[in-house]
Amino acid sequence: MKRSLATVLFMMGMTAVFIAVLAILNAATQSRIQTNLEIQESKSILYAFGILPDGIDESSLSGTMTTSDLDWDESTLLETIGAELSVVRLAVTDDIRALLRESMLVPGDSIPVYLHQGSTDSIPTLGFYMRGKGLWGTIQAFIAVKSDFSCAVGIDFTEQVETPGLGARITEQEFKGFFRHLDISGITRSAPDEIIMVRSKSELNTVQCTSELQAVTGATQTCNGVLNMLRTDLKFYYQLIQMNRDVLKLES
Amino acid sequence: MAESKAVQILKDDLWRNNPVTVQILGICSTLAVTNIFMNTLIMGLGLTFVTAFSALTISLLRNVIPQRVRMMVQTLVISSFVVIVDISLKAYVPDISKALGPYVGLIITNCIIMGRMEAFASSNTPGLAFWDGLMSGIGYSWVLLVIAFVRELLGFGTFLGVQVMDPVMQAMGVSTGWVQWSFMIMAPGGFFMLALFIWISNNLSAAQSKKA
Amino acid sequence: MEGLSPWILFFAAIFTGNILLTYFLGMCSFLSVSKQIKTASGLGLAVIFVLTITAALNWIVYWHLLQPLGMEYLRYIVFIVVIAATVQLLEMFIERYSESLYLNLGIFLPLITVNCAILGVSLFMIIRKYTFIQSVAFGAGSGIGWFLAILAMAGIRERLNEKKIPAALHGPGIALIISGIMAMAFIGFSGMVQIQ
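Residue numbers (my numbering), protein chains in the order written: chain C, 1 to 252; chain A, 1 to 212; chain F, 1 to 196.
Keep in mind that the hints were calculated from the coordinates and are not lab data. Just so it is clear, CB atoms sit at the ideal spot from N, CA and C, and this is done for glycine as well. Do not rely on the hints blindly, as some may be mistaken.
To be verified - Derived DMTMM-like pairs (lysine to aspartate or glutamate); straight-line CA-CA distance at most 20 Å: (1) F/K129 <-> C/E41; (2) A/K90 <-> C/E41; (3) A/K98 <-> A/D86.
To be verified - Just so you have them, the derived chain C footprint on chain A, three or more residues with Cβ under 8 Å: (4) 64–74; (5) 83–94; (6) 179–185.
Start from the sequences and build out the full structure, keeping to the hints where you can.
Quick look at the structure:
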């Protein structure tokens, strides 16, 4: 009896010691980790809008580069976000919630939409978060589209736990490059299935919009997840934005 | 001349009783992580660190741990070190922590670490335990690095992210360049590469013992 | 994850999302204990037991203890300690009631603790936000899937014993090749049933 008690006390004592060590480490590093996450998030958002650090040209990026490889200076990063983008929170009313049934988004009362005016003679670009199911877990992406939903401007994947070397390649330049001028106008015609995934594309979407994406070989589940996420969430956001054009100060 | 204990441990862990090819431990991570050389390197370093320091800790505590809870204490120590590594990487080198992120669970459950705790650290002095942990980690790492080298080269055509096979193919006059062996990037490629490695290493050690 | 029937989850975990042949978790003991059908089935049953119990326990601990306290970063430690405790209990039970199984399993009984499949199942159910019933169904199904896989492997290896294999491939070498072929076959199942 005494030995069992000693054993249990020992176990509890050891557990307490180690948990204390980890709790201290966690508390000490929490703000740093938070800052790192915010920096990463900001880089992704700017990348999706096509805003790259000064002097870096998109065509110079190698196919396997990810957003964290982009050389942003921390203060310039924050300045740029403040200068180029604005955020509007749109209310999620009950009628719009019905559209969220197939989506993995779980917004509260409102959902953020980012705005980028760019040059005064072009239509503004909108950016927002999407969520989908990958192979190993949830994929979260930030996509930027023209406010008339004719074309996508860019995408970045802010959260994913897919297989490194396979599914995780969606975070690389080669895959994300297909989103630079992706034709998503099918959404406006209630035909989201017009955005398709193909096995091989001869060229990236450069000047001319096409609605084709090239899948990553060996990552069928992940790519299908991305495609479904696109189709479902774009449908939702299109409705949401149509209902709020005045709030966003967009021309009708 | 009899080998010193330390040299014996070195030879055992690196070759004669290699954790991966002889003891057949740590297979899950071998399959998962070896499709990219850089990830394998980081994984190897992480695992070596955790094994060495867990062995040290368990060895220091070996006389006070009650027999009935020894497994629980070992897992507690091992997972604590892994979480320490994970949090520290996330805070100070987030880019590297991204490569290790999906594999954190695979280090905690890596049979090699638990195996060394049970077989060695719980009944040896701290110095030797630390050394054994270090050597086991290195024994694991070098096998994986060889496999990863081949898998990345054939699967992506790259080494450490730098395209190698494509220019070679072009130089050899194949205009389409290098066609990736997707099979090597996916799990079955890992299975077959490891089987090949074991086949070769078994043949080599059989030849060695024939000579002796 | 609402609306997903536990039964669908159960069968998907056995066949189309087999924890061993689709997600490649739980390999170490799979390769080493699959030499004989008897030992393999003993280990398989032990794994089913541990998986079901730990899925249930870890669900309760995570959603009712760690998450309300904001200590999700401790989930790795807490899960693995729960698993270790369960395996310790199982070890005491087997030692008492089946001496031969205890001896046959050897080091691989305590090594169930570090079977990546068990920690993997607990982590998956958190990431995929399963309910309690779904988690138990997922745990039981994954266990049975693992059991069937190791049984199949043991069956194949027992038959291969009579055939000629190069000496250096005996044991783990040939087991890896068989696993590779089985894995290739199971790639065909992937994506058939949405379990997230």
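To see whether the hints hold, each was checked on the structure:
| no. | hint | verdict |
| --- | --- | --- |
| 1 | F/K129 <-> C/E41 | 24 Å, violated |
| 2 | A/K90 <-> C/E41 | 15 Å, holds |
| 3 | A/K98 <-> A/D86 | 10 Å, holds |
| 4 | 64–74 | holds (count 7) |
| 5 | 83–94 | holds (count 8) |
| 6 | 179–185 | holds (count 3) |
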